[in-house]
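Chemist: Here's the letter readout for the chains.
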Amino acid sequence: MTTFAFYFFATLITLLFLVTVLSRNVLYAMTALAAGMVLISGLFFMLDAAFLGAVQLVVYVGAVMALYSFAMMFFDANKDIKERNGSAVTVFLLGGAIAVMLVVIFTAPLIGQGVASLYPPAEGATNPQAVGLVLFTKYLVPFEVAAVMLLVAMISGIILAGKKMDFSLSVVEATKSIDSKTIDNMDNTEKKGDK
Amino acid sequence: MIGLSHYLVLSAILFSIGLVGVLRRKNLLMLFFATEIMLNAANVAFAAISYHYNDLSGQMFAFFVVAVAASEIAVGLGLLVILYKKYGTLDLDEFTVMRG
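Just so you know, the sequences run in chain order Z and D. Be aware that the first sequence starts at 1, since it is given in this note's numbering, and climbs by one per residue. Be aware that the second sequence starts at 1, since it is given in this note's numbering, and climbs by one per residue.
Do not rely on the hints blindly, as some may be mistaken.
Lysine-lysine pairs mimicking DSS-like chemistry, simulated, CA-CA at most 27 Å apart [stated by the list, open to error]: (1) Z:163 to D:26; (2) D:26 to D:86; (3) Z:163 to D:86; (4) D:26 to D:85; (5) D:85 to Z:163.
Chain Z side only, calculated, beta carbon under 10 Å to chain D, not exhaustive [as the list claims (entries may be wrong)]: (6) 17; (7) 22; (8) 35; (9) 75.
Listed next, the stretches of chain Z that the computed footprint assigns to chain D, with coverage defined by at least 3 CB atoms under 8 Å from CB atoms of chain D [as the list claims (entries may be wrong)]: (10) 47-55; (11) 140-149.
These aren't lab readings, by the way, just hints derived from the structure by calculation. Note that the Cβ used here is the ideal one computed from N, Cα and C, for glycine as well.
Construct all of the structure, not just a fragment, from the sequences and the given hints.
Modeler: Right, dumping it as structure tokens:
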């Protein structure tokens with residue numbers, strides 16, 4: 001049963017993330033990414049990390065994806081992305097070489113034994129309880145620093161995205177053709193004046 | 001039976017998918033998606049090692065990775081909105097202003 005669940009999740013996650021990376025449409029990419037995040041939380045539940053799985057669902061699928069979809073309203077999401085790629089062969093060779101290297105790196109330390117557990121889960125505690133015990137004793141300072149970091153990120157997000165909120169992008173795009181012509185004319189006149 | 005190496009290989013595959021995305025995409029939003037994939041792959045590895053060695057440190061690190069990812073998105077998307085307002089596109093080729 002565990003084997004089946006692992007391979008089920010693994011294939012689906014890999015396929016969905018491939019769609020995210022290879023798709024031309026931003027909306028498809030974002031939907032596939034969100035679905036992949038949900039399935040990754042399934043992996044966490046299989047690994048007895050119930051609290052991490054819940055955090056994954058709440059933070060990634062709830063907050064990050066909602067943020068992406070709201071930011072998408074600023075951009076033109078239906079337009080297919082036109083990208084000028086150099087050589088696809090080079091990119092795939094580079095990616096493949098790095099993938100092989102990563103597998104070697106990840107499997108190399110498994111040979112070495114004798115890794116002792118630093119913070120084993122408390123006896124008889126469920127996963128959220130054990131996580132809380134370790135997080136609020138051994139990792140209290142990093143926790144507080146992370147809280148301050150999130151506050152800074154929130155303030156900077158508000159300030160960055162809130163700048164020129166009265167300035168409408170759709171109006172700009174509608175008048176862009178006229179604007180670019182007038183700007184070109186202005187540039188030309190300026191250059192003539194310089195000469 | 002599924003062991004630690006299964007999870008680590010899956011994590012490496014997911015990480016390289018994200019890496020291919022970072023190398024291949026020219027759109028900034030797609031680069032953000034690829035970064036998310038890489039962070040998630042690292043989280044899978046952390047959780048698997050935490051389970052295998054019966055140690056909660058891996059899960060702690062995964063929590064902090066999630067926190068860093070969330071704040072990265074908040075700041076990065078703000079910057080993306082400003083870039084889009086300024087240039088009208090998110091294509092990286094349009095931002096090469098130094099003509100190097």
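Chemist: A separate judgement is required for each hint: does it hold in the structure or not?
Modeler: Going down the list of hints, with the structure as the test:
1. Z:163 to D:26: Cα-Cα ~26 Å, so holds.
2. D:26 to D:86: The hint holds at about 18 Å.
3. Z:163 to D:86: Answer holds: residue 163 of chain Z to residue 86 of chain D is near 12 Å, not above 27 Å.
4. D:26 to D:85: 18 Å, holds
5. D:85 to Z:163: Holds. Residue 85 of chain D to residue 163 of chain Z sits at ~10 Å (cutoff 27 Å).
6. 17: Holds - the Cβ of residue 17 of chain Z comes within 10 Å of chain D, reaching about 5 Å at its closest.
7. 22: 8 Å, holds
8. 35: The hint is violated - residue 35 of chain Z has no Cβ within 10 Å of chain D, the shortest such distance being about 12 Å.
9. 75: 6 Å, holds
10. 47-55: Since three or more residues must qualify, the claim that chain D covers the segment 47-55 of chain Z holds, with 6 doing so at under 8 Å.
11. 140-149: Since 3 is at least three, the answer is holds.
Comparing the model with each numbered hint stated earlier shows that hint 8 is the single one that does not hold.
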